[in-house]
Amino acid sequence: MMPLAVIFLGIAGAFVTMSMGSTESLSTTQGYRFVSQADPCHAEQMCTPVATPTICTSGSSRLWGKINPSINVCNVPLYKIYN
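Per this note's numbering, the sequence shown starts with residue 1, numbered consecutively.
Keep in mind that a hint or two might mislead.
Claimed, not checked - Okay, the calculated beta carbon distance ranges per label pair:
{"#": "1", "residue 1": "S70", "residue 2": "V50", "range": "20 to 26 Å"}
{"#": "2", "residue 1": "A38", "residue 2": "R62", "range": "17 to 23 Å"}
{"#": "3", "residue 1": "V73", "residue 2": "T28", "range": "18 to 24 Å"}
{"#": "4", "residue 1": "H42", "residue 2": "K80", "range": "14 to 20 Å"}
{"#": "5", "residue 1": "N68", "residue 2": "M46", "range": "14 to 20 Å"}
Hints were generated in silico from the structure; no laboratory data involved.
We put the beta carbon where it would ideally sit given N, CA and C, even for glycine.
Please work from the sequences and hints to get the whole structure.
Structure below.
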(Lines of atoms letter the chains of each structure in order from A and count residues from 1; the text may use other names and numbers.)
(Lines give C-alpha, C1' and ligand atoms only; values in the text may rest on other atoms or scores of the structure.)
Protein backbone atom coordinates (compact mmCIF):
# COMPACT_ATOMS: atom_id res chain seq x y z
CA MET A 1 0.00 0.00 0.00
CA MET A 2 2.83 2.42 0.86
CA PRO A 3 4.64 2.07 -2.53
CA LEU A 4 1.36 2.77 -4.31
CA ALA A 5 0.90 5.99 -2.31
CA VAL A 6 4.46 7.10 -3.13
CA ILE A 7 3.89 6.47 -6.85
CA PHE A 8 0.60 8.39 -6.74
CA LEU A 9 2.23 11.38 -5.00
CA GLY A 10 5.08 11.36 -7.53
CA ILE A 11 2.70 11.41 -10.48
CA ALA A 12 0.55 14.11 -8.89
CA GLY A 13 3.63 16.24 -8.18
CA ALA A 14 4.86 15.92 -11.76
CA PHE A 15 1.43 16.87 -13.12
CA VAL A 16 1.21 19.97 -10.89
CA THR A 17 4.72 21.06 -11.84
CA MET A 18 4.00 20.72 -15.57
CA SER A 19 0.67 22.54 -15.35
CA MET A 20 2.25 25.42 -13.44
CA GLY A 21 4.85 25.89 -16.16
CA SER A 22 2.28 25.96 -18.95
CA THR A 23 0.02 28.56 -17.27
CA GLU A 24 2.94 30.85 -16.50
CA SER A 25 3.57 31.60 -20.18
CA LEU A 26 -0.13 32.27 -20.71
CA SER A 27 -0.37 34.76 -17.86
CA THR A 28 2.30 37.23 -18.99
CA THR A 29 1.46 40.52 -20.65
CA GLN A 30 3.32 43.61 -21.79
CA GLY A 31 3.70 46.28 -19.11
CA TYR A 32 3.42 49.94 -20.09
CA ARG A 33 4.29 53.20 -18.32
CA PHE A 34 2.79 56.64 -18.83
CA VAL A 35 5.25 59.08 -20.42
CA SER A 36 3.06 61.92 -21.74
CA GLN A 37 -0.29 62.58 -23.40
CA ALA A 38 1.41 61.86 -26.74
CA ASP A 39 2.85 58.57 -25.41
CA PRO A 40 0.41 57.32 -22.74
CA CYS A 41 1.42 53.65 -23.04
CA HIS A 42 5.17 53.23 -23.49
CA ALA A 43 6.17 49.52 -23.59
CA GLU A 44 8.64 48.57 -20.85
CA GLN A 45 8.76 44.91 -19.72
CA MET A 46 6.69 41.78 -19.26
CA CYS A 47 4.45 41.52 -16.19
CA THR A 48 1.49 39.41 -15.10
CA PRO A 49 -2.14 40.33 -14.45
CA VAL A 50 -2.23 37.57 -11.79
CA ALA A 51 -1.95 39.18 -8.36
CA THR A 52 1.40 38.65 -6.64
CA PRO A 53 2.81 40.45 -3.57
CA THR A 54 4.76 42.98 -5.70
CA ILE A 55 3.42 45.43 -8.27
CA CYS A 56 5.21 45.57 -11.63
CA THR A 57 7.52 48.58 -11.92
CA SER A 58 10.26 49.99 -14.11
CA GLY A 59 12.47 52.22 -12.02
CA SER A 60 10.04 54.26 -9.94
CA SER A 61 7.18 54.01 -12.46
CA ARG A 62 4.30 51.60 -11.97
CA LEU A 63 3.47 49.56 -15.06
CA TRP A 64 -0.03 48.97 -16.41
CA GLY A 65 -1.58 46.68 -18.99
CA LYS A 66 -4.08 47.18 -21.79
CA ILE A 67 -7.56 45.65 -21.88
CA ASN A 68 -7.53 45.92 -25.67
CA PRO A 69 -4.10 45.90 -27.41
CA SER A 70 -5.39 48.07 -30.28
CA ILE A 71 -6.53 50.91 -27.96
CA ASN A 72 -3.87 53.12 -26.36
CA VAL A 73 -5.34 53.04 -22.83
CA CYS A 74 -3.36 51.40 -20.02
CA ASN A 75 -5.33 50.91 -16.82
CA VAL A 76 -5.01 47.19 -15.95
CA PRO A 77 -3.00 46.62 -12.74
CA LEU A 78 0.04 44.40 -13.33
CA TYR A 79 2.31 42.53 -10.98
CA LYS A 80 5.91 41.31 -10.94
CA ILE A 81 6.58 37.90 -12.47
CA TYR A 82 8.32 35.49 -10.11
CA ASN A 83 10.45 32.76 -11.68
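May I ask which of the numbered hints given earlier this structure violates, with the numbers listed in increasing order? No hint contradicted; all consistent.
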